[in-house]
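Taken in sequence, the protein lines are chains A and B. Residue numbering for the first sequence is 0 to 349, as defined by numbering that gives the first Met the number 0. Residue numbering for the second sequence is 0 to 278, as defined by numbering that gives the first Met the number 0.
Hints were generated in silico from the structure; no laboratory data involved. Nothing false has been slipped in among the hints.
Ranges of calculated distance between the beta carbons of each label pair, as one might list FRET restraints:
{"no.": "1", "chain 1": "A", "residue 1": "M107", "chain 2": "B", "residue 2": "V264", "range": "37 to 45 Å"}
{"no.": "2", "chain 1": "B", "residue 1": "N218", "chain 2": "A", "residue 2": "G134", "range": "48 to 56 Å"}
{"no.": "3", "chain 1": "B", "residue 1": "L66", "chain 2": "A", "residue 2": "M107", "range": "46 to 54 Å"}
{"no.": "4", "chain 1": "B", "residue 1": "L210", "chain 2": "A", "residue 2": "S40", "range": "50 to 58 Å"}
{"no.": "5", "chain 1": "B", "residue 1": "S146", "chain 2": "A", "residue 2": "D76", "range": "39 to 47 Å"}
{"no.": "6", "chain 1": "B", "residue 1": "R100", "chain 2": "A", "residue 2": "D76", "range": "21 to 29 Å"}
{"no.": "7", "chain 1": "B", "residue 1": "R100", "chain 2": "A", "residue 2": "D342", "range": "43 to 51 Å"}
Calculated lysine-lysine pairs in the BS3-like style (CA-CA distance at most 30 Å, straight line):
{"no.": "8", "chain 1": "B", "residue 1": "K180", "chain 2": "B", "residue 2": "K103"}
{"no.": "9", "chain 1": "B", "residue 1": "K180", "chain 2": "A", "residue 2": "K153"}
{"no.": "10", "chain 1": "A", "residue 1": "K122", "chain 2": "A", "residue 2": "K169"}
{"no.": "11", "chain 1": "A", "residue 1": "K22", "chain 2": "A", "residue 2": "K226"}
{"no.": "12", "chain 1": "A", "residue 1": "K226", "chain 2": "A", "residue 2": "K179"}
{"no.": "13", "chain 1": "A", "residue 1": "K132", "chain 2": "B", "residue 2": "K180"}
{"no.": "14", "chain 1": "A", "residue 1": "K132", "chain 2": "B", "residue 2": "K261"}
{"no.": "15", "chain 1": "A", "residue 1": "K179", "chain 2": "A", "residue 2": "K169"}
{"no.": "16", "chain 1": "A", "residue 1": "K106", "chain 2": "B", "residue 2": "K180"}
{"no.": "17", "chain 1": "A", "residue 1": "K180", "chain 2": "A", "residue 2": "K132"}
{"no.": "18", "chain 1": "B", "residue 1": "K180", "chain 2": "A", "residue 2": "K109"}
{"no.": "19", "chain 1": "A", "residue 1": "K109", "chain 2": "A", "residue 2": "K122"}
{"no.": "20", "chain 1": "B", "residue 1": "K180", "chain 2": "A", "residue 2": "K122"}
These figures come from a predicted structure and were not determined experimentally. All C-beta atoms in this analysis are idealised placements derived from N, C-alpha and C, irrespective of residue type, glycine included.
What follows is each chain in one-letter form.
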Amino acid sequence: MSGRGQVRFDGIVKMHGEFAALKGVTFDIEPGEFFALLGPSGSGKSTTLRILAGLDAPSAGRVFIDGQDITAADACDRDIAMVFQSYALYPHMTVYENIAFPLEMAKMSKAEIAPAVREAARKVAIEHLLERKPGQLSGGQQQRCALARAIVRKARLFLLDEPLSNLDAKLRLETRTELKKLQRSLGVTAVYVTHDQEEAMTLADRMAVFMAGEIQQIGRPADVFAKPNSIDVAAFIGSPPMNLIPARYKDGGVEIAGRRLETGLKEAGERNVVAGIRPGAVRIAAGGIPAVVELVEDLGDTAILDLDCSGISIRARVSDGDVPSEGAALSITARPADIHLFDATTRRRL
Amino acid sequence: MTARRFRIIATLAITLLFLLAWAFPILWSVLNSLKTDSDVLAYPPKLFFTPTLEPYRDVLFGSASILPNLVSSFVISIGTTIITMLMAVPAAYALARLRFRGKKFAGFYVLATQMLPPVGIIIPYFLILRNIGWIDTYQGIILIYLSFSLPFAIWLLVSYFEDIPFEMEEAAYLDGASRMKTLRRIIIPQVRGGIAVTVVFVFLNAWNEFLFAVVLSGNTVRPVTVAMFNFVSVEQTLWAKLAAVSVLAMLPVVILGVVAQKNIVKGLTVGAVKGGGRR
Numbered sequence: 000m001s002g003r004g005q006v007r008f009d010g011i012v013k014m015h016g017e018f019a020a021l022k023g024v025t026f027d028i029e030p031g032e033f034f035a036l037l038g039p040s041g042s043g044k045s046t047t048l049r050i051l052a053g054l055d056a057p058s059a060g061r062v063f064i065d066g067q068d069i070t071a072a073d074a075c076d077r078d079i080a081m082v083f084q085s086y087a088l089y090p091h092m093t094v095y096e097n098i099a100f101p102l103e104m105a106k107m108s109k110a111e112i113a114p115a116v117r118e119a120a121r122k123v124a125i126e127h128l129l130e131r132k133p134g135q136l137s138g139g140q141q142q143r144c145a146l147a148r149a150i151v152r153k154a155r156l157f158l159l160d161e162p163l164s165n166l167d168a169k170l171r172l173e174t175r176t177e178l179k180k181l182q183r184s185l186g187v188t189a190v191y192v193t194h195d196q197e198e199a200m201t202l203a204d205r206m207a208v209f210m211a212g213e214i215q216q217i218g219r220p221a222d223v224f225a226k227p228n229s230i231d232v233a234a235f236i237g238s239p240p241m242n243l244i245p246a247r248y249k250d251g252g253v254e255i256a257g258r259r260l261e262t263g264l265k266e267a268g269e270r271n272v273v274a275g276i277r278p279g280a281v282r283i284a285a286g287g288i289p290a291v292v293e294l295v296e297d298l299g300d301t302a303i304l305d306l307d308c309s310g311i312s313i314r315a316r317v318s319d320g321d322v323p324s325e326g327a328a329l330s331i332t333a334r335p336a337d338i339h340l341f342d343a344t345t346r347r348r349l
Numbered sequence: 000m001t002a003r004r005f006r007i008i009a010t011l012a013i014t015l016l017f018l019l020a021w022a023f024p025i026l027w028s029v030l031n032s033l034k035t036d037s038d039v040l041a042y043p044p045k046l047f048f049t050p051t052l053e054p055y056r057d058v059l060f061g062s063a064s065i066l067p068n069l070v071s072s073f074v075i076s077i078g079t080t081i082i083t084m085l086m087a088v089p090a091a092y093a094l095a096r097l098r099f100r101g102k103k104f105a106g107f108y109v110l111a112t113q114m115l116p117p118v119g120i121i122i123p124y125f126l127i128l129r130n131i132g133w134i135d136t137y138q139g140i141i142l143i144y145l146s147f148s149l150p151f152a153i154w155l156l157v158s159y160f161e162d163i164p165f166e167m168e169e170a171a172y173l174d175g176a177s178r179m180k181t182l183r184r185i186i187i188p189q190v191r192g193g194i195a196v197t198v199v200f201v202f203l204n205a206w207n208e209f210l211f212a213v214v215l216s217g218n219t220v221r222p223v224t225v226a227m228f229n230f231v232s233v234e235q236t237l238w239a240k241l242a243a244v245s246v247l248a249m250l251p252v253v254i255l256g257v258v259a260q261k262n263i264v265k266g267l268t269v270g271a272v273k274g275g276g277r278r
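Extracted from the complex, chain A is given alone in its bound form (with noise of 0.2 Å):
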């Protein structure tokens, strides 16, 4: 695969005296594509990222970008832009000098640097903050900030540390926006880490799951969504998570509760399994599963139920419109093809 921005994982390890953060790592990223490293604290994303970055030697293994080897090359001979996660502006320089500096470091004539500097502000929308200390800027500000210094350079790479952490809700939503918006009308490849599932989700053309130092699953975040591969994927991923029920499969279909639900996998034999029911895929119906409705959480255009199954506890998201009040006793159901069904003793996907 040839084109700028390619990346090319190859069985990283990275132990910190007996523990393993990174148990060998490996994926690609494309050229031009928008990838993120989801994954809860202490997973290995932020060291997979500091890996790519030459910040940290991997322990074994190999990590090439447009095919060359750089695993022993320093960082700053990289051509690797990030933002971080405190966004790291040099507080005794202005924004301008803050944007300006990579492009110093680049070598570039002042007659260069000038037209770079504000054409990365325009596209951030800091043109009127140039003469400012980053002290003097709201914490948006100085996220945009950080976001032009990344840009200016044009670098082949830009990672981007869970960038939104630090905004408050609403700025983190159209930030998000904006960021996928400048990633797509530079066409850079961008490697982004967060542990905020619904930020990978929103962002991403492709995600890299990680847990405990391993990637547990790579793919559209619209088919990990669909097929997570492992009970621990599917629990990360969603908001509220996937109901995870344990039952027996026998013969194509679960029993949960004392009632049978068919499910897709049609496949004989009987055998421990557990169910997984996202939120959203729970149906009110007759004849399913009786629930008795204990608690309601109203989000506004939907609801969330926390239903009691005869003992097992199962969360529900319904349409604002039939909001059954708490106490009431219904029965629910699942489609077949949205009953995920896991092994109780490997964890994977059947």
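Chain A is fixed; fit chain B onto it per the hints.
Same frame as chain A, now just chain B:
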């Protein structure tokens, strides 16, 4: 009188007492440096007198002028400060940031040198300097001053470097800066306050130093702290001149303090609030 009022008055009285105790020697020096010798010795002491600049004229331009001694003090203090800072800044950065074998020991060694009683090492220093012929030379005194100013400066600067977040440095590397360029362009400008504080302390320590100076100096290089004693002899003490020299010796300290005050306060407060820089 209410209890609160009494407390305020008591606090004020105690504060005033301490202030007087500290300010009295300075006040004494300033007043006596403006008197004639007979006014200094008058009993009861004269609070009201005709001020004269005669003592200053004598000590600066008279036969026992202390101008060469002031020059010596400046050369020693400025030399010590420049060499100390040139070596302490990279050393403190290395101790704060780099991972290397023996880092802990190096850090402890720097601190341990501060615990030695100076009087215990003065004789070995004297013998070393005498053997290499550096007694009564600038390089000899500066070398010995470095032995205590350098560890002190490193120890002071390390905390300022530690306060700078790692990410700032990493951002600079990714922006294409080498380690040296990062140090020069990103790190040092941010520890300016700390560097100013250290410069002031190193300069003042060198300027005020007496014990080593009196042993290691001679007739060629004699700093003002030692030269003051020209005015104290077995027969008499020339109080007015001694006071004038004291005031002159204090002047650079006061000027430096006033000039660097803003930076010192900033440097001290920045150093006091620990950031998230440690890892």
